[in-house]
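Residue numbers (the working numbering), protein chains in the order written: chain A, 1 to 120; chain B, 1 to 257.
Keep in mind that a hint or two might mislead.
Said to hold, decoys possible - Below, in silico cross-link-like pairs of lysine-lysine (BS3-like), each with a Cα-Cα straight-line distance of 27 Å or less: (1) B:K206 to A:K99; (2) A:K99 to B:K185; (3) B:K166 to A:K14; (4) A:K99 to A:K12.
No lab work stands behind these hints, which were simulated from the structure alone.
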Amino acid sequence: MVVDELDALRDKYKGCDALAFADLSTKMILVTDSGSNLRREALDALCTEAALLLGVNGEPALADRPSDLASAASPSQLRVFVRAADEPNDVLCCICGPKIDAAAFVADASECLDRISSGD
Amino acid sequence: MNDLNALAEKISALAAQDVVVSADGRAMEIDDSVSPVAAILREVNDTILERTLVFTSNAITVHAIAAGRRLRGILRVTPEADAEIVGQILSREEPEAVQSAHELLESLFGDATGMTVQVLPAEPFGKGGERGISAHGLAELWGVDTTQEPKPPMDQFLGVNAGSFKSLLHVRKGEIMKTSGDFAKLQNIWNTQVQAFREAHSKVAKGEAGAQLICLDSAFDDGTSAAMALYEKDVAIIAYQSDHFGKMQSSWQRIFA
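Chain B on its own, in the form it takes in the complex (with noise of 0.2 Å):
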């Protein structure tokens, strides 16, 4: 390895996302061009130090071990699995252990539509000098893209919480891209309201050319609660589920703080 490719190296870790959270989950991104087993080799990607990560989706939660871009073995899962290679530090010599591996990752989260990851810190797994496999051999051995390009945010966002949403209307430079749901009352709103509040608001929040997510609890007659999410060109009128919120709101730091 040449000095540039240490030092780029050394940025990427530093750049990575390493903290440790130990709130509830913050959703990780699914859909139709993101599987979640993608999803997790991204998160195993995406972690230098040694932390648990701990997926959870529908109940289904399992502890993996990551460290240093690789992952090192799945800890263990909940309810109980019945796989060999629940505990086993995985490796490049193991094949038949790597494929099953991937199985029970597929079986476990193959459908799900949401997940969720937590990083905590690290569970006592294996020996210290036994280091797992990268989350790019794994994509490798997998069969498993994780490389298409990441979507614009106001996607990302709008895509991570659409089981969030009872309701969506998506512009971008005044065209319509997305709806959701029964949506005629998200357009009135587009039509008639959302105008004169970006002027006021505009007002009272100097200086925010940003990115915004304006939440207003229970704002609608059913009681559902209403968000306009700005960003660039785009403008989302989303009616949402109230008990979402903190999910919305942790999911809407991690993609434009």
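This is chain A alone, in the form it adopts within the complex (with noise of 0.2 Å):
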């Protein structure tokens, strides 16, 4: 189950403080991980975060070309958004505290994204 699989991220990473699978054709967050109690608002400004840094219908937020990782660091929160590598709409929203071990973190992030955008 997609919650279990988000539950299993959070718990590896202590830094980790909420994990939500979404649909950016949608804007919609579809699951949070079961430790999540962000409130509506601000689930929906993640997912609108997620839109604006991944870019949406091939627009890109900087540069070239949409990515498919992204992330926004503030000195108290490091929030990441992984894109899935075969569905562009499934993407993984994660807020984390600011020490949190960030490339293993988004390694582990894309994996667990992966297996629940393709159903394994």
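Using the hints, put the two chains back together into the complex; each one sits in its own frame.
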């Protein structure tokens, strides 16, 4: 189940605060991890940010082309957005603390999303 | 020492970076104004509890033992170095040995343009009472200047990560401060995309007026990634190598978080 995949990823990283699986075509969060208590407005904002940073309809946020991986870091938070390899509208939105091992987390988040998206 | 000095020392100790970091090393600030040995002494000066500091550059690794802002000694060097000072406690009573430690570090890291440090639990080294020499004391003995004023945070970030960038455009208060590489494309982004992006992003990331680092993987046609770093009146548009994402995040958090 999707929620089990999200919970497993969150459990693996202490610095991971919330995970949400979203559909960019409708800009809707479909599933969150079971420990997440984000309000609806926060989830909507997270999905809107994912659409902005990853780019929709072939339009990039910055530079030449849309990305499959984007992040926004502030002093208190790292938000990571990952697009599925085979389903461009399937994205994983992640809210992490600032001290997380970003490279390792991104690699695991991508694998997690691809499992969810492919239904494996 | 009077009470105020003692209190100041305690506060300083509590504020110091004494976290044990076991992940990949974090990048140290090394540039024209901070030599590699000065950067090592700064790390020693930031170390209160006994730790193993692992300095790495160009496949050379030095394990050093530090505690109480003092360098106790060099535990080992990889690849192995033919130097008697390795494994010895530093002491002012043995000035030649102290000098040879400086020469060893200079020979290993003197030309380094990038270096990382890991902070690991202490390994057994010497006897408990052998305290080594303070970072300030070594700076004096070695003639190393560690007192340069710290650079502004954005300059620190851009300096530490310069090796990860393919091109850079750094703008402060609308004025170009620094460029590197082929920055024409970045200039075009600055002219045509940045303002609209910042307005759109500020609407969704409400309340985030502080430092921000936006990274977009493989956003350029040649496969390089794009980043925008924001801090106060500074904006940096960056084309960077995608596999340096983790290193950039790590240094960003160290400088701004």
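In rising order, the numbers of the hints this structure does not comply with
2 and 3
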